[in-house]
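Novice: Given these sequences and hints, build the entire structure.
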Amino acid sequence: SAVISQKPSRDICQRGTSLTIQCQVDSQVTMMFWYRQQPGQSLTLIATANQGSEATYESGFVIDKFPISRPNLTFSTLTVSNMSPEDSSIYLCSVAGRQGSNQPQHFGDGTRLSIL
Amino acid sequence: DAKTTQPTSMDCAEGRAANLPCNHSTISGNEYVYWYRQIHSQGPQYIIHGLKNNETNEMASLIITEDRKSSTLILPHATLRDTAVYYCIVSDGGSNYKLTFGKGTLLTVNP
Numbered sequence: 178s179a180v181i182s183q184k185p186s187r188d189i190c191q192r193g194t195s196l197t198i199q200c201q202v203d204s205q206v207t208m209m210f211w212y213r214q215q216p217g218q219s220l221t222l223i224a225t226a227n228q229g230s231e232a233t234y235e236s237g238f239v240i241d242k243f244p245i246s247r248p249n250l251t252f253s254t255l256t257v258s259n260m261s262p263e264d265s266s267i268y269l270c271s272v273a274g275r276q277g278s279n280q281p282q283h284f285g286d287g288t289r290l291s292i293l
Numbered sequence: 025d026a027k028t029t030q031p032t033s034m035d036c037a038e039g040r041a042a043n044l045p046c047n048h049s050t051i052s053g054n055e056y057v058y059w060y061r062q063i064h065s066q067g068p069q070y071i072i073h074g075l076k077n078n079e080t081n082e083m084a085s086l087i088i089t090e091d092r093k094s095s096t097l098i099l100p101h102a103t104l105r106d107t108a109v110y111y112c113i114v115s116d117g118g119s120n121y122k123l124t125f126g127k128g129t130l131l132t133v134n135p
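Quick note, the sequences are listed as chains A and B, same order.
When you line the first sequence up against this note's numbering, it's residues 178 to 293, in that order.
When you line the second sequence up against this note's numbering, it's residues 25 to 135, in that order.
Derived from the structure by calculation, the hints contain no laboratory data.
A hint or two may mislead.
Said to hold, decoys possible - Anything over 10 Å on all C-beta distances counts as not near chain A; from chain B, calculated:
1) T32
2) G67
3) H73
4) I87
5) T89
6) D91
7) S94
8) H101
9) T103
10) R105
11) L123
What the hints assert, rightly or not - Below, a sample of chain B positions facing chain A; criterion: calculated Cβ distance under 7 Å:
12) C36
13) Y70
14) A84
15) K122
16) K127
Ideal Cβ positions, reconstructed from N, Cα and C, are used throughout, including at glycine.
Specialist: Below is the structure:
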């Protein structure tokens with residue numbers, strides 16, 4: 178399976194600031210996703226990162242708060258904007274080879290974000 | 025996506041088989057059953073998936089009932105490193121390919 182690297186692995190940020198998280202894959206993948214895992218909770222899908230077009234956001238998530246870029250088939254970024262303590266979570270990137278193929282998604286180890 | 029129901033927690037003795045059940049009574053005909061696990065401080069790890077036939081790989085076996093309304097993940101010889109939260113998810117893997125994670129089952133393997 179693909180090797181997925183996320184940077185930073187963790188960070189502590191001040192409220193009101195923004196942080197960009199990077200997701201790099203060692204091979205070309207069709208689909209990339211961003212998830213959030215709040216403390217003690219399960220994972221929730223934020224959006225699907227689409228190459229060459231705007232990301233597709235899930236209900237409750239908006240582009241102004243979580244802008245996403247996907248310039249090519251191996252890289253994506255998620256920005257958490259104007260952060261508040263409620264944004265303290267683990268943010269995870271996942272990838273899948275081909276839409277409609279039923280290939281499983283594979284996850285990075287996530288970015289642990291704490292907002293003071 | 026169809027919903028799944030899993031026990032909140034289970035215990036297993038080291039070296040014994042761990043059998044984790046999952047109910048997915050509203051699964052659609054084109055939806056697969058995926059199993060992931062999450063060990064503390066790590067991202068979810070893919071284990072196995074299947075449509076209707078039983079599946080086996082180097083990590084586990086997946087048994088899906090004939091009516092596809094439930095499944096069981098089997099770890100044949102559990103080790104302490106298998107202690108994790110196990111998620112059973114159904115998804116069609118198609119144009120709406122997204123994974124909806126429930127609360128999963130916390131499997132604790134005891135020495």
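Novice: Looking back at the hints listed earlier, which ones does the structure fail to meet?
Specialist: 2, 3, 11, 12, 14
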